[in-house]
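Colleague: Going down the list, the sequences are from chains A and B. Taking numbering that gives the first Met the number 0, the leading residue of the first sequence gets 0, the next gets one more, and so forth. Taking numbering that gives the first Met the number 0, the leading residue of the second sequence gets 0, the next gets one more, and so forth.
If you are wondering where the hints come from, they were derived from the structure by calculation, not from laboratory data. Do not rely on the hints blindly, as some may be mistaken.
Which stretches of chain B does chain A cover? Using the computed rule of at least three CB atoms under 8 Å from a CB of chain A, they are [unchecked claim]:
| id | region |
| --- | --- |
| 1 | 209-216 |
| 2 | 466-477 |
| 3 | 491-505 |
Glycine residues also receive a C-beta, built at the ideal position from the N, C-alpha and C atoms.
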Amino acid sequence: MGSPRTDWNGPSEAAKIQPTQHVSEGPEQCSPLRRLAREPLLHFLLIGIALFLYFGRSASDDSEATRIVVDQAQAEVLAQQFETTWHRPPTDQERAGLIETYVHDEILYREGRSLGLDRDDPVIKRRVRQKIEVIAEEIVSRESPGDAELAAYLQANPAAFKRPTIVSFEQIFLGPEGSGGLERRLADARRALERGADPGSLGQPTLLPSREDSVGVDLVAKRFGGQFGAQLETVPLGQWTGPVVSSFGVHLVLVHERVPTALPSLEEARPLIAREWESGRRKRALEENYRRLRQEYRVVIDTTPTGSAQK
Amino acid sequence: MQKPSVLLAAIASAVALVVVPMISARADDDRPPPDRVITYSPYPEKNFPNRVYFGDTHLHTSYSTDAGMIGNRLGPDEAYRFARGEAVTSSTGLKTKLARPLDFLVISDHAENLGLATAIVESSPDLLSNPWGKEQHDLVRQGGRDGAIQAYDNWMAKMNARTDPFASNPGFARTMWNRLTAAAEQYNEPGRFTALIGFEWTSMVFGNNLHRNVVFRDGKDRADQIVPFSQYDSLDPEDLWKWMAAYEQKTGGKLLAIPHNGNLSNGLMFDDVTLMTKKAIDRDYAERRMKWEPLYEVTQIKGDGEAHPSLSPTDEFADFETWDRGSFGPEPKTKAMLPREYAREAFKRGLAYEVKLGANPFKFGMIGSTDSHTSLATTQEDNFFGKVVLQEPTADPIRFEEVITGRYAPKGSQIYAREASASGLAAVWSRENTREALWDAMARKEVYATTGTRLMVRVFGGFDFTAKDLDRSDFAEQGYRKGVPMGGDLKAAPAGKAPSFLIRAVRDPDGANLDRVQVVKGWLDATGKTHEKVYDVAWSGGRKPGKDGKLPPVGNTVSVKEATYTNGIGTPYLAAHWKDPKFDPKQQAFYYVRVIEIPTPRWTTYDAKVFGVKLPTDVPASIQERAYTTPIWYGPGS
């Protein structure tokens, strides 16, 4: 038994420990181990070791930071990229070079990141934005559109797909509006037609087609100008009608056949609908994605207005 | 011997009068029951061209490096949509739409580093894996004008040195080319709109222009088997033709090439010697040239190349949008170069070659196109979007003042943006609007050029036409039956007969009236000298040729201040049956038709009105748009 420690005057009255708590200690009550266990220094040491171990793991993370692994899978990826450009697999020497370049990139990249060089770099920002946008496109729809998708798109955008009215017609050109003798020529031509004259022998020849079969009225409008195409949509079928006015002047027309404007069926216009859907898809995906993300951010625009007036 | 034949005729008529009704009566029995309505096409056997289709064979999108790296942000999708009549926002943010869509389009982006600008915008890994590519990418992406200008200059340096910075990355060109062919497939709609695949081979010899546009008859499956031939590969057109032959051999497809801008070639375009070896051209050269280059783009934004006033001093319409002050290089123009630069003179010299070599190297068809670098095929005076994005409609002086050619030439050799022409269109006579039909029409030269409007013109040449044939309702059928269309050949005139021509011309349905129709004749006399003469064959109003043989001008309804005109003069339609009055059956000759419209405001006049800028004084305030058909050639041999 050692002498009582001079700096400890024993437990205070309140801190007197019940003898039962030390029953197990019994005869060891004064063992060195027991005393050791109560040593604050030991406690400090133990806490220190615990902290050291905890931060020690981070230190081995540090060594992770300087450890670059090029495994077989990575090497394959590099070889694939090479093959895409060169249409042949790399030689052993080239393979070694690819790996060295990869390592070189990785080292400098990590150094750069640890120095914060990737922050506030507009090129990097834009590149990362592009990658997010690519992901966003993929998320919204990975596969080609199915029939249901295309059919819905068709219904929702009729203006883009409406087939123009298709007509088959003959025409006789009688001369510019207001030209002398026009009324008489018109009347003469009508009478001649009633008598069964050949339409090709009447009116003035031009380079305008005297007959068109199964053409869209939009193409007719292109060729004849004015409201000619539009009028073919409404004149009665199967009889010579006029005057019908183009940008050249006055005509008599005979519309044999007319198929009204209609939305094509999915089968008829599938490639066209798919093309339009595709070109809208990317735009829609990006807009949708951005709208979703924007809601999660609080943006404060804190600038001073320049005060320049708008012309 | 008259009486017996009269008697015979009388007997024949009598018999006919009796017999024919009997036959008809028989036929009546075969008539179907009257209560059935029969619709039928009256032309089931006809296969001749019956429609003219208008398009652009020379358009650049952002995939052309010299467009994409100077502000063009519109790729092939937007270019096709615009041509098809959809509204598109231009690279400078202007909403724009064609009043009338085109029937066809060839996107002909430059083969040299195709798609470079697009790859920069995308920061494509393919691009960044190339050190030079990465350098330009970073220069452009850092933002601001200086970086972009530096990158563009770096690319021009590579072009001038003819060192392809992507020589070690052949996959790059292939990727970008495949995108262009894919877009062509997407927008090709047989019967409504034709997207022909093509590219531009940009050969520049010390700044002298020898460019060709290559047009494919084929689709993506064949076109993707190659990457476009570029000036990095060669500057020599003969090498281009070799490459084209190899393509046809490899794929079974078909190609043709269309040169343009003889006016910027400083005499190289229609030269008497080959480019590299400077040997006199021979029969083999002539045959190869005409096999591979059946057409020539005679009018476009960079000037009109039909005729030059100094070569055709008596032709009052020869000085039209003339660019004759040099080329892209430092060498100024000399008069000696001109005969080897202009189409009409080339046709004349071609006649001499026909005699000398047995083959004519300059027997090409004529078309117009734009060469626009804005992705927008605008060809009218009132919708001209300029050659490059920097010149899109704006009040900024750059639209008039920018130097287009002659930057490195002595002062006085420069050509300015205000001299650019709102031109042109290729017009093709075909039965259908499909790749095959249009390409075949180009190959047989049944085409003509307009300076941007949709003038319609048709001509047939033959020895048996009469004035009555002109008004027939089956005019075209007669034309093909008794003669040849534009691009055709007449040979060995029957004794005592001269060729005559049936011509019909109609104005653009939305455009200006016609002033006159002319026939331009060129011929080779017995001493080997060539001649030309322009005949007025049909014109509006009651004008009569004056004492000097010249027809008075049609007048001018243009209000320069308001940038308007009226169709109060001229006429919508002209037709002529014209016979050559001075025909010599022993002489080689060609005839082509030129149709001239009444004056309309030039695009610079529209600009002055719309933007309130000062009207330039060194360009005309109004112009007369026109069309030039491919010639019909005559040769005495059989």
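Colleague: Each of the hints needs a verdict: does it hold here or not?
Modeller: Taking the hints in turn, this is what the structure says about them:
| no. | hint | result |
| --- | --- | --- |
| 1 | 209-216 | violated (count 0) |
| 2 | 466-477 | holds (count 6) |
| 3 | 491-505 | holds (count 3) |
Going through the hint list in order, the structure does not satisfy hint 1, though it satisfies all others.
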